[in-house]
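What follows is the residue order along each chain.
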Amino acid sequence: MTMGNCRKVAFWQGNTAVAMGAIAAGCRFYAGYPITPSTEIAEVMAEELPKVGGRFIQMEDEIGSMAAALGASVAGLKSMTATSGPGMSLKLENIGYGYMTEIPVVVVNVQRGGPSTGLPTKASQSDVMQARWGTHGDYAAIAVAPSSVQECYELTVYAFNLSERFRQPVIVLTDEIVGHMRERIEVPDPSSLTIVNRKRPTVPPSEYLPYKADPEDDVPPMASFGDGYRWYLTGITHDERGLPATANPKKCDEKVRRIIRKVMRFKDEIVRWDGEGLEDARVVVFSYGSVSRTALSAVRQMRSRGVKVGHFRPITLWPFPEEQLKACAPEAKFFVVPELNAGQMVLEVERVVGRRAEVLSITSVNGELFQPSDIARVIEEVA
Amino acid sequence: MPSKEVMSLLRESALPHIWCAGCGHGIVLHSLLRAMVDLKLDPTKTVMTSGIGCSSRIPGYVNVCSLHTTHGRSLAFATGVKLANPELTVIAAMGDGDCAAIGGNHFIHACRRNIDICAIVMNNNIYGMTGGQASPTTPEGAMSTTSPYGQLEPQFDLCKLAVGAGATYVARATVAQPKAIEGYIKKGIQKKGFAVIEVVTYCHTQFGRKNRRPRPIDNIEWLRNNSVPISKAKEMSEEELRGKIVVGEFVDIERPEYVERYLQLVEQLGGRR
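So the sequence lines, in the order shown, correspond to chains A and B. Residues in the first sequence are numbered from 683 upward in steps of one, following this note's numbering. Residues in the second sequence are numbered from -9 upward in steps of one, following this note's numbering.
One or more hints might be untrue.
[Unchecked claim] Heads up, simulated DSS-like pairs for lysine-lysine below, C-alpha to C-alpha not over 25 Å straight-line:
no.: 1; chain 1: A; residue 1: Lys881; chain 2: B; residue 2: Lys35
no.: 2; chain 1: B; residue 1: Lys234; chain 2: B; residue 2: Lys224
no.: 3; chain 1: A; residue 1: Lys894; chain 2: B; residue 2: Lys35
no.: 4; chain 1: B; residue 1: Lys169; chain 2: B; residue 2: Lys222
no.: 5; chain 1: B; residue 1: Lys30; chain 2: B; residue 2: Lys(-6)
no.: 6; chain 1: A; residue 1: Lys949; chain 2: A; residue 2: Lys881
Don't read these hints as lab results, they were simulated from the structure.
My request is simple: use the sequences and hints to build the entire structure.
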């Protein structure tokens, strides 16, 4: 971002940046429940949303927060909720309802160690597979992983845009480090932001089929409750009218395949990643979120010593940047994957490059961060 | 025969309904539709939410803005809808398991918050859709597939619960009193606040067959013979009231409504309502 588009420079924590990014993206409804380390997002929303005519509500539990956010979105407001591990587990059923009924909503998971209560005040990346597969059934997840306070802001805006465009829940996967870390952020001028709003129906109410998708993008236009269209939403597998179609295998097949296709056919437009030193790299470090800060430091250290090592950072974890990873470093013989979990995204890396290169996993599950030397040591061993 | 106006509120494409022939839920549906006709509700500004269960299919049959959600979450979704667009009339349908078991937390907090939603609890004392398991309102001693030796747990009194938790309109009627249901629903919808209408209905298929009331008419008669108006109940002992259904209006009070308070805050802060 150029300073020309910058409204002000601030010193924020990641959680604040997520909240402010959401409001800039047009979020006007937030429902939440206190949980460490995400609570500040709710606190900022409670303070800021009424000032812009939005609504904040502290619900009685995580399940209710997810439900209220979805309900508000059907009533026409861009909506968000935020939580962490245990809360995310509770929200999952209703996130699935969002996939099935095609309701845009943004869900922030400030990851902490698990399973269960785990490490409430320590960072983790152990929910990355949950973000992909957490709720039951088949669907295509979209999840972004900010690694800085600046990205917390920008990727929350991006998450709203994707959610509105594809009419489905989008997950922002930060962690305790990114969420609580304070650093410089250049807050963009709102007019410089690209804002996407959901497609509205153009047909008269009598002709509206709420789940009849436009062939060019497989996304059906969405009416809001109260704007003249009467329609029926149900979590039961349904036809174009929204009515239960469980006795019609063809309709059921069409529905489930379409909600996957509407995302996957545009995955190259959704996917974001960045890289450094990949052209001639023999070793690639693959890392995301807060860990990429440590990893990049190790990579630069080793580069300065003449080691041909590069860094690949997926910014969207889901859809996984498969083609991009495959093509990024033709010379690479080793992929090193440091993660704050017992080895999750490394499975994707193995799937994509495992036939042509050796994939090494570095894991941490004790709440402690990596030192650059932990990663540098592995690079050195294989270089 | 239902009136033309009532018929026009049905979502014909969603019919036939899934309910068993003779199910009490049909009486609730008809009473609700008559109330809606009488209040001249604009269907495009009316939202019906529900959770999961036989009762929760009701929004599908009413041609309004219908949100059939997850088990127990009717009120939580309804809360989001109402707060997001206060112009909408929001009616939240629930079953007894839906409302008092899996959704119990949302129920007490909606009462406490006093949000302008009309909740209709269709209490048939059983999980009917899944084949007749005991619910929090299954009477002690009653037979169900998960209380094969008789229900050991005491039942919830949903109206007492709602009154205790702060609802501002609470009424109960049985499906033997369709006019009363209609009247209470009308008042509940008009109430600026959280209204609870418990309709005691029946499931002859899953409850009645195991409890000596296998035909619809057995249940209607049982409900009629075992209902006690609230005025009379006040003069009866706890012992005399055992196994009886107290019907009538339990509470009709005024208390600040949540969405209105929130909008006042927005105005104070200079936000656009």
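Now the hints, each set against the structure:
A hinted pair counts as satisfied when its Cα atoms are at most 25 Å apart, and Lys881/A with Lys35/B qualifies at roughly 21 Å. Our distance criterion of 25 Å between C-alpha atoms is met by Lys234/B and Lys224/B, whose separation comes to about 13 Å. Pair hint Lys894/A plus Lys35/B holds up; C-alpha atoms about 23 Å apart against a cutoff of 25 Å. Restraint check for Lys169/B and Lys222/B: the C-alpha separation of about 20 Å stays at or below 25 Å, so the hint holds.
Annotation: proposed proximity of Lys30/B to Lys(-6)/B holds, straight-line Cα distance about 14 Å (limit 25 Å). Simply put, Lys949/A and Lys881/A have alpha-carbon atoms about 19 Å apart, close enough for the 25 Å limit, and the pair holds.
In this structure, every one of the numbered hints holds.
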